[in-house]
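Asks: Residue numbers (this note's numbering), protein chains in the order written: chain A, 1 to 159; chain B, 1 to 240.
There's no promise every hint is true.
[As the list claims (entries may be wrong)] Listed next, with one range per pair, are the computed distances between beta-carbon atoms: (1) B:183 to A:68: 36 to 44 Å; (2) B:184 to A:96: 40 to 48 Å; (3) B:145 to A:118: 27 to 35 Å; (4) A:83 to B:184: 43 to 51 Å; (5) B:183 to A:65: 55 to 63 Å.
[Stated by the list, open to error] Over 12 Å on every C-beta distance to chain B, these chain A residues come out as not near it, computed from the model: (6) 40; (7) 92; (8) 127.
[What the hints assert, rightly or not] Partial list, derived from the structure: chain B residues whose beta carbon lies under 8 Å from chain A: (9) 162; (10) 220; (11) 224.
To be clear, the hints were calculated from the coordinates, so they are not data collected in a lab.
Only a predicted model underlies this, so the values are computations on that prediction, with no experimental measurement involved.
Each residue gets a CB set at the ideal place from its N, CA and C atoms; glycine is no exception.
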Amino acid sequence: MGVRLTIRCIASAGALILAGSALAHHSVSTNYLTYEDDPVVLVGIITEVEIRNPHSLITLDVVDNDGVTVEWLAEWSDGNALRRRAVNVDLLKVGEEVTVHARRHRRVEHVVFVRDVVLSDGTVVRDCGAGIYRGDEYYATCEESEAEQGEKDPFILVP
Amino acid sequence: MRCRSGTRTTARAWTGLVLLPGALAWSAIVLGAGVRSDLDGVWNVTGSYSPDIALNAAGEARREAYDFLADDPHMQCMPASVTRTMITPSPLMEIRQHDDRVEFNHEFMDVKRRIPVNEQMIARDAPIASSEYPHLGRSVARYEGENLVIDSAGIHAGVFSTFQWVGYPQSDRMMTTERYIPDGDRMQARITHFDPVNYETPFTIVITYVRIDAPLLEWGCVPEKACVDPRACGVDAEDE
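With the rest of the complex left out, here is chain A (with noise of 0.2 Å):
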């Protein structure tokens, strides 16, 4: 899994196509709004984390505006993927307080998709998403996609 790929393209038009279609249709846009257009940060307390298939979740108590302690459930990418990508899930531990950067559901209130967490120790938990797949050349994992690419939006698959 270390190694890195470059691979020549096929049909480099149709994988320009690919990008647009795949970023406009994507089944966590159907479900969720983007970070963009309405950024989510959540401070709170993690009562439990389940890294599983075919989503990813964690769930938090997080003391809202009047007080009151309401319970926020983030979902995150598939237990696969994040394990294939080498995300390190165990650095997310019960009890821990962190800072979660997320996506507003479109329908259901107090659930969100989660695009980063921070530690309390400024560590940044992220998934850099299927884009690592994207174009001429395979990352294997997201440190070595980033350290050529550059941090990018999980959810922009790069062409």
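Starting from the structure of chain A, add chain B where the hints point.
Replies: The following block gives chain B in isolation, referenced to the frame of chain A:
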């Protein structure tokens, strides 16, 4: 290529479908039996697209009625279709070719398809491809040149996609032809869908892949946990 809507175009398109078996037989004669190409290995999606898909009035009504929260089979750990299984960008797909069959192993929903290679067989007489998910239909494979071609029928009505083309319907008359076109460590899959119940013309979804060196992982979807929150899957909280 975009197909125009309208009676003449529609008639021409579906006439083409009627003529398809004959055309396939002709192409098999011209091309010969085909050559088994090197498709073995683990593949990762790099992209997918389609020309405009032309729903007919009935298909449009079904798509309008689809509720992505309440009706997504994904939330019951069910793959909506072979196309839906193949276009998901993160889960991997493995192909294993044998003399008498082709095996597809997908991470997504742990879908496994076992498809006989038989140039004489037609899809509706073929065996169920996935014993775990019989709604995916009956499939038979052949080679045309270096391309692997799979015809499927007996697909159950529902939606063919909950991803990208969310809520697009399929009837139990849907038939598909998958064409796998190898190019070294790249591959293109072209899945043509024939469903006169819901669409003006046949349409093709194109999916591109790269072959990678990675193990297939178990998906292990559990229906009780497939939905993040019952409210988010259209289940009334009072029913819980």
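Asks: Given the range 43 to 51 Å, decide if the beta-carbon distance of residue 83 (chain A) to residue 184 (chain B) lies inside it.
Replies: Taking Cβ atoms as reference, residue 83 (chain A) and residue 184 (chain B) lie about 28 Å apart, which means the hint is violated.
Asks: Should the hint that residue 220 (chain B) touches chain A count as held when the rule is a Cβ pair under 8 Å?
Replies: At 6 Å from the nearest chain A Cβ, residue 220 (chain B) passes the 8 Å test, so the hint holds.
Asks: Non-interface claim for residue 92 (chain A): all C-beta distances to chain B beyond 12 Å?
Replies: About 16 Å separates residue 92 (chain A) from the closest Cβ of chain B, which puts it past 12 Å; holds.
Asks: Using Cβ atoms only, decide whether residue 224 (chain B) comes closer than 8 Å to chain A, and label the hint accordingly.
Replies: violated (11 Å)
Asks: Starting from the hint 27 to 35 Å, judge whether the C-beta atoms of residue 145 (chain B) and residue 118 (chain A) obey it.
Replies: At 53 Å between Cβs, range violated.
Asks: Cβ-Cβ distance between residue 183 (chain B) and residue 65 (chain A): within 55 to 63 Å?
Replies: holds (57 Å)
Asks: 40 to 48 Å was suggested as the range; check whether the CB atoms of residue 184 (chain B) and residue 96 (chain A) agree with it.
Replies: Taking Cβ atoms as reference, residue 184 (chain B) and residue 96 (chain A) lie about 46 Å apart, which means the hint holds.
Asks: Less than 8 Å between beta-carbons is the criterion; does residue 162 (chain B) satisfy it with respect to chain A?
Replies: holds (6 Å)
Asks: Evaluate the given range 36 to 44 Å for the C-beta pair formed by residue 183 (chain B) and residue 68 (chain A).
Replies: Cβ of residue 183 (chain B) to Cβ of residue 68 (chain A): about 58 Å, so the range 36 to 44 Å is violated.
Asks: Is the Cβ of residue 40 (chain A) farther than 12 Å from every Cβ of chain B?
Replies: holds (15 Å)
Asks: Looking at residue 127 (chain A) again, its CB stays over 12 Å from all of chain B?
Replies: violated (10 Å)
In summary, the numbered hints that this structure violates are 1, 3, 4, 8, 11.
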